[in-house]
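Chain order of the listed sequences is V and H.
Quick note: the first sequence uses this note's numbering, first residue 1, plus one each step.
Quick note: the second sequence uses this note's numbering, first residue 1, plus one each step.
Do not take every clue at face value.
Pairs count within a copy or across copies, as identical chains cannot be separated in the list.
To be verified - Below 27 Å or equal to it, Euclidean Cα-Cα: the simulated DSSO-like pairs (lysine-lysine) are: (1) Lys540 with Lys457; (2) Lys553 with Lys527; (3) Lys708 with Lys438; (4) Lys382 with Lys553; (5) Lys457 with Lys553; (6) Lys553 with Lys377; (7) Lys387 with Lys553; (8) Lys182 with Lys201; (9) Lys553 with Lys540; (10) Lys527 with Lys495; (11) Lys527 with Lys433.
FYI, nobody ran anything at the bench for these hints, they're computed from the structure.
There are 2 protein chains.
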Amino acid sequence: MSKLERIEYRPEIQQVEESLYTLGNGYLGIRGCFEEGYPSGDTIRGCYINGTYERVPMMHAEMAYGFPTVQDKQPRVMDIQTINVYLDGEPARLLEGHYEAYHRMLAFETGESVRRYRYITCTGTVGKVCFRRLVSQLDRHLAVFRVEIDYDGQIEVRSLVDGNVENYSNRNDPRTGQGHTKLTSVISVGIDRETISLALKTQSTEIEVAALVEHRIFSEAQTFVKSEVKGTLAETHIVGRGCLTVEKWCVLSDSLRVENPQLFNREHIKSLAEKTYEMLIKEQQAYYQDIRATLGIEVRGDETVNQALQFMQFQLMQSVGRDAYSNVSAKGLSGEGYEGHYFWDTEIYILPVLIHTQPERAKALLDYRHRILPYAKERALKLGHRKGAKYAWRTISGIECSGYFPAGTAQYHINADIAYAFLLYYQMTDDLKYMLDKGFEVLLETARIWMDMGHFKEGVFMIQDVTGPDEYTAVVNNNYYTNVMAKYHLEWVVKLDDIFQNSSYSGAYKSLRDALLMDDSELSLMKIASETMFLPYDEKRQFYAQDDSFLSKPVWPFENPMYQRRPLLLHYHPLCIYRHQVLKQADTILAHMLLEQYAEPPEICNAFDYYEQITTHDSSLSSCIYGIMASRCGMSEKAYRYFMESVKLDLENTHGNTKDGLHMANIAGALMSIIYGFGGFRVIEGKISLRPQLPEKWDSYVFSLIYKKSILKVEVGESVFIRRLSGEPVDLILDGQKMTI
Amino acid sequence: MSKLERIEYRPEIQQVEESLYTLGNGYLGIRGCFEEGYPSGDTIRGCYINGTYERVPMMHAEMAYGFPTVQDKQPRVMDIQTINVYLDGEPARLLEGHYEAYHRMLAFETGESVRRYRYITCTGTVGKVCFRRLVSQLDRHLAVFRVEIDYDGQIEVRSLVDGNVENYSNRNDPRTGQGHTKLTSVISVGIDRETISLALKTQSTEIEVAALVEHRIFSEAQTFVKSEVKGTLAETHIVGRGCLTVEKWCVLSDSLRVENPQLFNREHIKSLAEKTYEMLIKEQQAYYQDIRATLGIEVRGDETVNQALQFMQFQLMQSVGRDAYSNVSAKGLSGEGYEGHYFWDTEIYILPVLIHTQPERAKALLDYRHRILPYAKERALKLGHRKGAKYAWRTISGIECSGYFPAGTAQYHINADIAYAFLLYYQMTDDLKYMLDKGFEVLLETARIWMDMGHFKEGVFMIQDVTGPDEYTAVVNNNYYTNVMAKYHLEWVVKLDDIFQNSSYSGAYKSLRDALLMDDSELSLMKIASETMFLPYDEKRQFYAQDDSFLSKPVWPFENPMYQRRPLLLHYHPLCIYRHQVLKQADTILAHMLLEQYAEPPEICNAFDYYEQITTHDSSLSSCIYGIMASRCGMSEKAYRYFMESVKLDLENTHGNTKDGLHMANIAGALMSIIYGFGGFRVIEGKISLRPQLPEKWDSYVFSLIYKKSILKVEVGESVFIRRLSGEPVDLILDGQKMTI
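With the sequences and hints as input, model every part of the structure.
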């Protein structure tokens, strides 16, 4: 059975554990806090609804035109997880009194989290306590908590719904929120026998989030039940003895998706009347079994790694938004780091994994980008572009929420990253209809920005003053990553134009072109720009330079003790970092992974050797890419080392900030390491290829590919087996050999 | 008589007039607000003590290491200028009732400001009102206000000292303060017959500013006098009739300079007992006459321009700090723009004018830089430098107060600018002792930064990631201005070492070297860096490039209406500005003015032609430099046009923000235009030269030069006359010809 398990309670990492034990379903996320609370120590007692946002003022030390004056912030919503337990009046809280036989487990096969312990009261009587919870994968509005108590004495259960919540903040860490923590107000709280209803509203955006919480009580003995509103919280108080089980069925909804959340909840809870907790567990089990049978990544011969991969697949799926209102926060729904914002992590790390397992969910992420296109168009004008769309570097609602443009707005590559994701979706699914409906519009509007900001200089196309993925080098000219991604982006706009013209959609496409005010001259300029795109190259060293001036800077003085503090961003002024050759994360190397067709293999490996030495991996987006490219360059031991860094990042809290939530891009990156790294998967010009390698320590590993509706299962052991589970035959290139599966 | 005169009251420009009519003495500054107030409209009712500062928090939208978390802010101090006048109970305020014969004048020959009008009460009775004021040039603590009233009826005068003051702010303009307006608290207020004493303290820095205000009353009729404390203000109430004159003798001091300001004031006022207002006027007249006789710039044949130049000389002298606690704010003591901060304006614009007229006051400005050297050393470490001193881009106390580093801290050239000023002082005065005492230490510590941040690459010395004077291009490599100034700076450190070794100070110098932990290897590296300094050059166009990548960017689309709003900084995002060839202000052109020896004359003029076309002059530091260099390149009409832009900038409020204070660098720049522009003055290797030209519209102009204690008076008309007013004979080069005066 695959699970995350603990047999010891360690208060010093309780916030990290809250992140690891998060349950969610892409809509609703609940951190794994103890229902009964902790006797001491910090907690981030979070519950979140994906896509909800409050707007808070953004203050700048010195204002400039186009700096955002407000930003989105994902609000913590009501606390529904609190269930206080008293045994003969004693709070049965760990460390408050004595306990034994602590056991905690999150089962990836059901999505249920179970935590048990025996509590010994001051009179020496032992009570058995077991907390269970699940967040439904089939009903996004539903979460259920369940506590089972066996105690020979008086048992009291006080189950709360608390609307007085505030977000976490830390002024000294730019990666967490800073101030503005009270984002919501309670607008209604009521009780109806064992049922509590509570609604919040975000203060300025007025998004309502409502919760309806029904208590189900099971006991052979007599129980006393009373519910009560106390200010901004409501409590259901249950008194019994012997064996007592209380279930807390929570329905949550929000006004972005439903007109009247409170009414919606009342209707919805009725539909659950016949359901039992056991039935939910069965449903979940079937749900996960289905996915795993066709889609799961597995490793054989190293169970620790395999369990970690199961954990990561489980958490990734939990955090991915499933509608156009939501996306994937940098920390999923597992914390408040980066204020719940969506970044390019989605398109470059998460979508390339999802596309192989759940293309429909990948599409929902693209729908979100299409939905916020109007904000990107507005932003483009604000940034001084004549036309086109410039996506926000970080956002929830669509507006730019980056407070530091050199490592935010200046990352124009986000436009190409989004285009890349649409194109990956198209190449993997052949869904030309979707490109007609949504994809092409996004591709064209984002491509227009390259044409507006770039320019032809002595026959080549150049792009000035952008920041690439590496945030330790900012606002430079001709960043290789940006330029090569833009090249690809422009190339495909032209290519799609041709595909549409020669397709059954040619009529509809003509109307789309008109609606987008496109003409042939615009396209032909894009073609020339793509063909003549300047890619900075170092002739002597035979690899691509990160940007025009990167290689002319001095290398970071790694050997000098004064410069050995990490991460750099918390210990050195940006100017000190910028004037050196030093990388926070993969930049040119990432471009080589996404678009290896634009460089020769020796160039790619030369680049790897050079950039690796000057990369600190201070970003959690780095190790996985270096691992994948180490595989590409045949350095299998190194690849494995990087892969293990990704695997351990959250599970062992190696970056020290897992308390703020799981690093979703790193999680996806670890999974990509299997498919793109060890599996050597690539898609170029719509054709897929594999170059599988087997890490020494493993017997074999398995992953799936969904390609044009066919499901392939790839098993790499001593030899490689590729099975087609469903769909039409598939052409692929295995180790350079064409074949049909 | 030279003066600034008005015969009409225009309420719509009353804030601008407040700036123009400012009186000050480098220590104390009082804006020219109406004593009796205005019936409506905004006022910036400012009084300032140079060098005082409060510290306020600086909030960043996204914090990074080394960003300042507090900043200095020059506090507005107590309002001492309010004198309300009532005629038979009616407030005799302009526009409130009827008035006629309005006349206002600021006499540059006495520093007295006089404002008269006749007020007609509702009964038709006419009262004559005349307000006079002066700020003493000889006693920095003293300002006197005087009101003369002639009215056939009851006259009431209510003279206030109000401690409840707040600074001005405007959230939308980065050039003014944003928030944090209440900087001081009243700590004591008292009365003693006609004398009011009031003291403030800045809230966190606890700098005390005390005022003692004595009222002197002159009347033939009986008067009634009563003083009263009302909360945080005190009022002296005088009732009389007929002819009534009230004088308000104000003594101000602060705890930066004197131990007990309140006690100091009480002693100080005693020393003024025998003085009369008339005596003060006489003293002032003598003071200004002395200066003008030897030092004044004058133009003959265009009285409008001449008056403007008198205004500018007058205001420049009023605003220059005269001790090591103070410097010259961007707006002098005439307003609150840029929060009273000191910039490089002092060293590159103001000091080169002062050095010709008042070298002792130029030295006081250098003393200030030496005094704050410890802050610059501390800042260098914070910025990741191994050693050396990095001066704050903007400051009062010495700490970095720039909230936007790309156009603040990144302007490393401030180090070279300060060095340039010390070297100009040295070359003009031969004061080697001062260099030993203070100058060399500053030069060396600032030069160390170049050695730490620059690096040798293929035999040339390069400086990465800095911003030059032009703030529309930020964080670039090898900015010509920065590099050539650093070259000069390093060259002179080496040169001075040699001079000291061969001077009578060689012993003291050896101790200094030891104290500064200098050795020969450090110096020889500086020498090589200076000699091999990379200066970006465009071979095709034959001029120096602003930086490595500047000329590869597209030129700002000046012809496109979408890009014609001004100033750019208030209408376009920094990234939009940065990725174009567009200048806010002179950059390479300024370098050519300061250091013409490093370029050939045709290169200088090629550069002028090119950069001029892409400069918006959105900075008030620009036109004067372009004017001076137009003279250098023989474009006399153009030079005159630029000169006139500088002349009009404040007097006609052409930048729209003179309300926030006078643009001191522009004022100095207009004066430089005479000396460096039309006069063609330069100092190279300690030798001075002139290339005088006469603007067509003028009969002649006159300016002075103080060179090694000799005073030269240069008169340029049909021919050029140079007279030595005092001192030893002087060698100079006139139009390329060596001569001795």
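Cross-check of the supplied hints:
1. Lys540 with Lys457: Classified as both: same-chain Cα gap 24 Å, cross-chain 15 Å, threshold 27 Å.
2. Lys553 with Lys527: between (33 Å within a copy, 21 Å between copies)
3. Lys708 with Lys438: within (19 Å within a copy, 77 Å between copies)
4. Lys382 with Lys553: between (33 Å within a copy, 21 Å between copies)
5. Lys457 with Lys553: both (24 Å within a copy, 8 Å between copies)
6. Lys553 with Lys377: Between copies only: 24 Å across chains, 36 Å inside a chain, cut-off 27 Å.
7. Lys387 with Lys553: between (35 Å within a copy, 20 Å between copies)
8. Lys182 with Lys201: Classified as within; 11 Å inside a copy, 35 Å across copies.
9. Lys553 with Lys540: So Lys553 and Lys540 pass the 27 Å test inside a copy (16 Å) and across (26 Å) alike.
10. Lys527 with Lys495: within (9 Å within a copy, 58 Å between copies)
11. Lys527 with Lys433: Answer is within; shortest intra-copy Cα gap is 23 Å, inter-copy 68 Å.
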